[in-house]
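Undergrad: Go ahead and model the full structure; you've got the sequences and the hints to work with.
Quick note, the sequences are listed as chains A and B, same order.
Under the working numbering, the first residue of the first sequence carries the number 440, and numbering increases by one thereafter.
Under the working numbering, the first residue of the second sequence carries the number 99, and numbering increases by one thereafter.
Since the hints were made in silico from the structure, they are not lab data.
No residue lacks a Cβ here, since even glycine has one placed at the ideal position from N, Cα and C.
Where hints are given, some of them may not hold.
Derived DEER-like restraints, expressed as beta-carbon distance ranges [stated by the list, open to error]:
| hint | chain 1 | residue 1 | chain 2 | residue 2 | range |
| --- | --- | --- | --- | --- | --- |
| 1 | A | V638 | B | A372 | 39 to 49 Å |
| 2 | B | T284 | A | G474 | 56 to 66 Å |
| 3 | B | A372 | A | D594 | 51 to 61 Å |
| 4 | A | S593 | B | L401 | 16 to 26 Å |
| 5 | B | W392 | A | P573 | 30 to 40 Å |
Covered by chain A, per the in silico footprint, the following chain B stretches (three or more residues, Cβ under 8 Å) [unchecked claim]:
| hint | segment |
| --- | --- |
| 6 | 170-178 |
| 7 | 194-203 |
| 8 | 304-318 |
| 9 | 399-409 |
Only part of the chain A face toward chain B is listed, based on derived beta-carbon distances under 8 Å [what the hints assert, rightly or not]:
| hint | residue |
| --- | --- |
| 10 | P559 |
| 11 | L563 |
| 12 | P573 |
| 13 | V574 |
| 14 | A614 |
| 15 | H774 |
| 16 | A781 |
| 17 | Q786 |
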Amino acid sequence: MSAPETTDDGFPTLRCLAPDGTPVGDVEVGLDEEGLRALLRWMILARRLDRECMALQRQGELTVYPPFEGQEAAQVGSAAALGPRDMVFPSFRELAAAIVRGVDAVEYLQYHRGTWHGGPYDPLATGFAPICVPVATQLVHAVGWALGAKLDGSDACALAYFGDGAASEGDFHEAANLAAVFRAPVILFCQNNGWAISVPSRAQFAAPIAARAPGYGMPGVRVDGNDVLAVYRATRQAVERARAGDGPSLIEALTYRIGPHTTADDPTRYRDEAEVERWRALDPIVRYRRFLEAVGVADAGFAAACEAEAEAWVGTVRAELVALGAPPASEVFDHVFAEPPATLRRQREEALGGA
Amino acid sequence: MPEITMVGALNAALRDALDEDPRVLVFGEDVGELGGVFRVTQGLQAAFGRDRVFDTPISESGIAGMCVGLAMAGWRPVAEMQFDGFSYPALDQVISHVAKYRERTRGRVGMPVTIRIPSFGGIRGKEHHGESPETYYVHTAGLKVVAPADPLDAYRLLRLAIADPDPVIVLEPKSRYWSKAEGELTTEGPGIGRARVLRDGSACALISYGAMVARCLEAAEALEAEGVPCAVVDLRSLSPLDVATLGEVVRSTGRAVVVHEAPLTLGLGAEVVARVVEEAFDHLEAPIRRVTGWDVPYPPASLEQVYLPSVERIARAVREVVAY
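TA: See below:
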């Protein structure tokens, strides 16, 4: 097992790697060398894409964008622990998880370009539900999907991402309770990035989020969210539990949002740069890269190759994205119902002149 | 042919839907063992098992939210909100997700979700048990909203709602749950989006839905005796509205009175009046009147008849419109 680290609140935090990449426990998480390298590759690709999105937003090519820098391990480690038939229910900051699931980055980013709402990709084919902005509401969708999978006799599971801010919403409670009551194969995965826009964790809850789990009747694990191996291990255990019919799990990944809440936010108004610097020193990619190079699973050339791949990839993404125009105006009307009623057909004609 | 109550007809609709489509699920608070506080789901769990008919915790937002996930997983959820006044915690899920999922996913993921809500007043209920929530749903794009007025149409509308590829809110008039009708239970006949003309009459059109349809029919009966023959239109489908039928009827009567239990201001009557004016302005002989609940919270049992449109209030409005 990975070493639990006890923080000052007395609740253990699972960790496989120290911030300098040194193993602090069992680092055997059930991945072969290729699987281990894939985690690093995804994190490098994700970070490069995230930074490109910030640039694209500043250049006016994207509308408001919520960056995830600092949270790569939490997202990649958890998404990589799922199988192709599983279903992810994201909130709105899970682009890294999306690309691990195989969601096309350009299709996903149509949302942030303002081309379409939160489901511009195929949610069912990719196993990645539409981007969900109303805080915590996606958690009950995941419970419903998981219950549906269970009723089908499938061993697939759902994983729902939510933030520390969402843990204060009623839908978190309803989802946790319903999941436990129905023994639904669902993982409630919290990325506690320290801040709900401007409100710090200490002003949001008085006990660890993971500590709530026993009260619902499910295991709760807190994990170092900047340790991709620990995240993978904790998620994998929860997935196995779900597949075995043992019901839901709650995982709280402690991580940090290095950037603003969104490009419309100015974090210097509410937090210390010193705090950000402390977390920069805990960078999940540096930590994991050091580990892989120390144990000889990857050499410096591997990371360099991933960076080169990322550079070429984001170039393609950028080119395709900026070439995207608005969909036909008729689409404002065409997807509201399977068959638009007469009253809506009349409005469509009025708007489009019968187009 | 035996008589059937609206509760019996709704129960039969659920039973037939569960029987015909193995993807239909029925769930909500107390719908399993108990059969629902109004017994609409009576016997269904015994007949179809605990996987397909099940109780949930008291968790309205969760119930509506689970509908979204279940629909994504290929199921056809039919959820019950126990009372109108307890459906509000689910509004976020209904408005933000159930109604918008098809559009959000550019048509890829539909929401064949039915949410049944025992609604409206007239049962001497306590606070929160006599609400008319229709405007919240009608005002939400992406939802269909129906309200049956009699047992046979309740069967038809609920079956059509469950079979619909899009979400349908079914507002069941509690005060008509024990009303009886005789006839064949069938899905044949007017679909969602169609109104029914229950009675012809040349002097004035009474336009209503849900429990107030019975009062309109009663008023029409009394007015007929006074020599004022009224047409009665049962809207049934509050969204989409059957604008064509409304226009047709009012073009023939030239006069109309709209009746509903919901408060006056921004009640469905406001929309009906606007549509009728758009459709039949040149044919109107008098201003259209609305007979509705007042702009007050639903009153306690001892005073609910002060609030609800009475046969006398309806008849008086018709007389005024006809005398205009």
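Undergrad: Each hint: holds or not?
TA: Cross-check of the supplied hints:
no.	hint	result
1	A:V638 / B:A372: 39 to 49 Å	holds (44 Å)
2	B:T284 / A:G474: 56 to 66 Å	holds (58 Å)
3	B:A372 / A:D594: 51 to 61 Å	holds (54 Å)
4	A:S593 / B:L401: 16 to 26 Å	violated (54 Å)
5	B:W392 / A:P573: 30 to 40 Å	holds (34 Å)
6	170-178	holds (count 5)
7	194-203	holds (count 8)
8	304-318	violated (count 0)
9	399-409	violated (count 0)
10	P559	holds (7 Å)
11	L563	holds (7 Å)
12	P573	holds (5 Å)
13	V574	violated (10 Å)
14	A614	holds (7 Å)
15	H774	holds (4 Å)
16	A781	holds (7 Å)
17	Q786	violated (10 Å)
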